[in-house]
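*Asks:* Using the sequences provided together with the hints, build the complete structure.
Read in this note's numbering, the sequence shown has 100 at position 100, and its numbers run on one by one without any break.
So the derived label-pair ranges between C-beta atoms look like this:
hint: 1; residue 1: Leu110; residue 2: Val65; range: 15 to 25 Å
hint: 2; residue 1: Asp68; residue 2: Ser156; range: 32 to 42 Å
hint: 3; residue 1: Gly58; residue 2: Pro114; range: 17 to 27 Å
hint: 4; residue 1: Val134; residue 2: Ala72; range: 19 to 29 Å
hint: 5; residue 1: Gly135; residue 2: Glu77; range: 27 to 37 Å
hint: 6; residue 1: Gln44; residue 2: Val134; range: 10 to 20 Å
hint: 7; residue 1: Pro43; residue 2: Arg152; range: 29 to 39 Å
hint: 8; residue 1: Gly94; residue 2: Glu73; range: 16 to 26 Å
hint: 9; residue 1: Ser156; residue 2: Glu133; range: 15 to 25 Å
Just so you know, these hints were derived from the structure itself, not from any lab.
No experiment lies behind these values; they were computed from the predicted model shown.
Don't be surprised by glycine CBs; every beta carbon is placed ideally from N, CA and C.
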Amino acid sequence: MKFIVTGLGIRRARAALATFGVILLAACTSAAQASPYVMFRDPQCGCCGEWAKHVRTGLDHEVMVREDRPMAEVKAEAGVPDGLVSCHTMEVDGYVIEGHVPAREIARLLEERPDGVTGLAVAGMPLGSPGMEVGGRVQPYQVIAFGPAGERVFASYP
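*Replies:* Structure below.
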């Protein structure tokens, strides 16, 4: 079978192809936005909810909260290094976010997608980190990138 396309037909075909591409891109973007970030937490922890609000606002994305699994099991499966453990663990687009990581650093991780990085962590629960705001008190802390390439400082606060 042979098709003959005139000049007008080529323009229409290109326009249709461009329209299809835009629709496909929009569908992919909507699907990515539709999948929630999943945060695992201990039901007894109060700061986790505050951090989830920070992420929802800072990344303009839904955060699904789960309290149905033992946290030690979640962290072990996610590969969180023992020295970087905190109170909650979130799965974000193939990455692990451990503890009170600022939304700005999560956005940077998702944009840069550095090689050898499995996730980001803020060890412990430093005062002044997102979700740990207490009367203006602030402790310095670091956001650590971790993964097969090892551990390195991703950002320092304040």
